[in-house]
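Line order of the protein sequences matches chains A and B. Going by this note's numbering, the residue at position 228 of the first sequence is 228; the numbering climbs one at a time, nothing skipped. Going by this note's numbering, the residue at position 333 of the second sequence is 1333; the numbering climbs one at a time, nothing skipped.
These are calculated hints, taken from the structure and not from any lab test. Just so you know, these numbers come straight off a predicted model, no measurement behind them. For glycine and all other residues, C-beta sits at the position ideal for the given N, C-alpha and C. A few of these clues could be false.
Claimed, not checked - Derived pair list, reagent style DSS-like, types lysine-lysine, alpha-carbon separation capped at 25 Å:
#, chain 1, residue 1, chain 2, residue 2
1, B, LYS1102, A, LYS119
2, A, LYS200, B, LYS1143
3, B, LYS1013, A, LYS181
4, B, LYS1036, B, LYS1013
5, A, LYS181, B, LYS1168
6, B, LYS1111, B, LYS1089
Stated by the list, open to error - Computed footprint of chain B on chain A; a stretch qualifies when at least three of its residues, placed anywhere within it, have a C-beta under 8 Å from a C-beta of chain B:
#, region
7, 172–185
8, 190–202
To be verified - Some residues of chain A that are not near chain B, with every Cβ distance over 12 Å (derived):
#, residue
9, PRO9
10, GLY26
11, GLU37
12, ILE62
13, MET136
14, ILE146
15, LEU205
16, LYS248
17, VAL251
18, ILE261
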Amino acid sequence: MNELLPRLPFADWIDTGVDWLVDTFGTGLDGFADVLEGVVEGSVDILDLVPSILLAFIFALIAGLISTRKIAFFSLIGLLFIDYLGYWYPMLQMLTLVLTSVIFALVIGIPIGILSSQKAGVRKVVNPILDLMQTMPAFVYLIPAIFFFNIGVVPGVVASVIFAMPPTIRLTMLGIQQVPKDLIEATEAFGSTTWQRLIKIQIPLAKPTIMAGVNQSIMLSLSMVVIASMVGAPGLGEEVYRSVTQLKTGVGVETGLSIVIVAIILDRITQYAGNRKKKLGGNTI
Amino acid sequence: MSEEYINKKIVVKDATKIFGKSSGRAIQLLKDGKSKSEILKATGATVGVKQVSFDVNEGEIFVIMGLSGSGKSTLVRMLNRLIDPTMGKILLDGKDIVQMNKEQLRDVRRKKIGMVFQNFALFPHKTIVENTEYGLEIQGVSKKERNEKAIESLRLVGLAGYEEQYPKQLSGGMQQRVGLARALANNPDILLMDEAFSALDPLIRKDMQNELLQLHHDMQKTIIFITHDLDEALRIGDRIALMKDGEIVQIGSPEEILMSPSNEYVERFVEDVDLSKVLTAGHIMKKADTVKVDRGPRVALRLMKQLGISSIYVVDNANRLLGAVTAQDTVAAIESEKSLNDVIISDLPMILPDTVLTELFDVVSTASIPVAVINEEQKLQGIIIRGALIGALSGDNEFINKDGTVDSAEQPITEVM
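Isolated chain A, as found in the complex (with noise of 0.2 Å):
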């Protein structure tokens, strides 16, 4: 270290910041946790009520009415597989983890990705922003997460929105600016007003790249779920943490492999989903 000047007090800062915003919100924040806290727990309870067959039943006529045939019975197959491997309860407390999660992303991220996409001044503050969240490492914002939720399902929950906004964030702007100039004017040259030129024809037309988003926000919020177990959220993830710490190969595959098998699912019904129009002749940019 240069001698000549101090060591930077960089990290005091910001716990002197965090202190302060833990004591000013942290009441209102502890409100909002217990909310989300009973909400995600009592959700994975009335979806242990279900016979697991029935349920996995459901989830894969779910699948074939939103996707293919083939994606449903891969599905069936898939779920019944992981209940047979006793794994059942954890993976619904991930799946109610990751859809909270990706649910919040979708919320925040969507609104925020058509603002920057009609604003310029908008897109400088996002952007460096999106690109701070996407490249720290995500233990860090764990550890905050930890002194604001307490431990649990909830520091889980807000460090997955946050690794998993940017992707929605990102292509919904993109998608927005990629529909094509001359349709632009199309639209203006007939007098639309910004909002009819938003909800008729550039969210419609981008709807393929803001369905690229949620698909990769969904696998960003999956490959979170581990990171998540260790701040308390309950789960297949935290199978893998425990695999891990215990040296069980065995079981690290098999909670490994089911965890793959809920990502495929999703990706494969999201991904038919975002694409679906293509196939009717009317969506292409």
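With chain A's structure known, arrange chain B on it following the hints.
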């Protein structure tokens, strides 16, 4: 507003578009009379359209023609402010669109101006009928009403039955018909057509031009048509404005542009034009020598002798063409004491003044006497002689009548006695 603009649909005054920063300094230089390249060098700003002024009459097809980069697309976009002019005035029915706020502008775009785009710009996720009713949809017109109007509009452009298809399922020509139907559905007074037919292949393009002319004839919209194709401009334009480097070099009727190019640039532009497709019988006809039928064969023969011709046209008192007589038949008529009516040849080749030269070749080459040009009321306008046809095709102005009429055709010489 000054008197002269009262009947004008569109008046553009000094419209200028400067792209890039430091447009303030560029405007100053422009006012000092500097050229486009001098301004680019001095300020880095590109002058897209440079102090353009013109006006368009109600119901006119006004063609703006120029090569790519001449500023024509920028100019047409200033008319509905898809591009905001840097300075100048653009009056639509006397109201300056440049001064309008967002709501007023939106209203003008919704009600007054329709636009058709080069690459059709159809919305790929909407069906043909949904595309067509878009303009009405954003105005909040009820589903039923806009659907009716859209279907009517599609029927006008010959696309009835395609309502539920998607744009991708249609050929280029059909897609552009949808583009046209979409613009017409709002029933605007003014249609802006930006290279509307340029992306179509030549045969389809010609069909579309004909249909546009037919639609224009039926609906009497004011049309601003942008093109880089001179043949297209000459075919459909009532008047043509020729652009170069952001400026209008010449405005005039197709004939004026062709016959008296204002400068070397226009001359070079028009030199390759196939005159036989542009010039009409009216351009090359000569005044006809005629005799009234009641004057009798002796007068007719004497006229022919005086003029040194072997046949003469016979007209009635209202100058309606009855036919022609040859010198030989006239002599025979005199000998047998017959009237002109008895020897008249009435199945003459006859054409209308607006017949283009390509359609004349056949008639002229097989006719034994000069071909008669008549108007709709059978009145003789003039005649076509072979020499004039060939002379006109070689581009010799001597053989071409400036305004498409023969001055003396109104009073044919019948009194040369």
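For this session: Assess, step by step, whether the Cα of LYS1013 of chain B is no farther than 25 Å from the Cα of LYS181 of chain A, and give holds or violated.
Result: violated, 28 Å
Exercise. Taking 25 Å as the top limit, are the C-alpha atoms of LYS181 of chain A and LYS1168 of chain B close enough?
Worked result: holds, 18 Å
Exercise. Is it the case that VAL251 of chain A keeps its Cβ farther than 12 Å from each residue Cβ in chain B?
Worked result: VAL251 of chain A clear of chain B: closest Cβ-Cβ about 48 Å, beyond 12 Å.
Exercise. Is LYS1102 of chain B within 25 Å of LYS119 of chain A, Cα to Cα?
Worked result: The hint holds at about 18 Å.
Problem set entry | Beyond 12 Å from each Cβ of chain B, as asserted for PRO9 of chain A | holds, 44 Å
Problem set entry | Assertion that MET136 of chain A lies outside the chain B interface [Cβ separation over 12 Å] | holds, 37 Å
Problem set entry | Pairwise hint evaluation, LYS1013 of chain B against LYS1036 of chain B, where the allowed Cα distance is 25 Å at most | Given pair LYS1036 of chain B, LYS1013 of chain B holds - Cα atoms ~19 Å apart, limit 25 Å.
Problem set entry | Non-interface label on ILE62 of chain A, tested against every C-beta of chain B at 12 Å | At roughly 25 Å from the nearest Cβ of chain B, ILE62 of chain A sits farther out than 12 Å, so the non-interface label holds.
Exercise. Three or more residues of the region 190–202 of chain A near chain B by CB distance under 8 Å?
Worked result: holds (count 7)
Problem set entry | Outcome, coverage hint (the region 172–185 of chain A, chain B; C-beta under 8 Å; three residues) | holds (count 4)
For this session: For the pair we were handed, LYS1111 of chain B and LYS1089 of chain B, check the Cα-Cα distance against 25 Å.
Result: holds, 20 Å
For this session: Could you check that no beta carbon of chain B comes within 12 Å of the beta carbon of LYS248 of chain A?
Result: Per Cβ check, LYS248 of chain A is outside 12 Å of chain B; nearest 51 Å; holds.
The earlier numbered hints that this structure contradicts are 3, 15.
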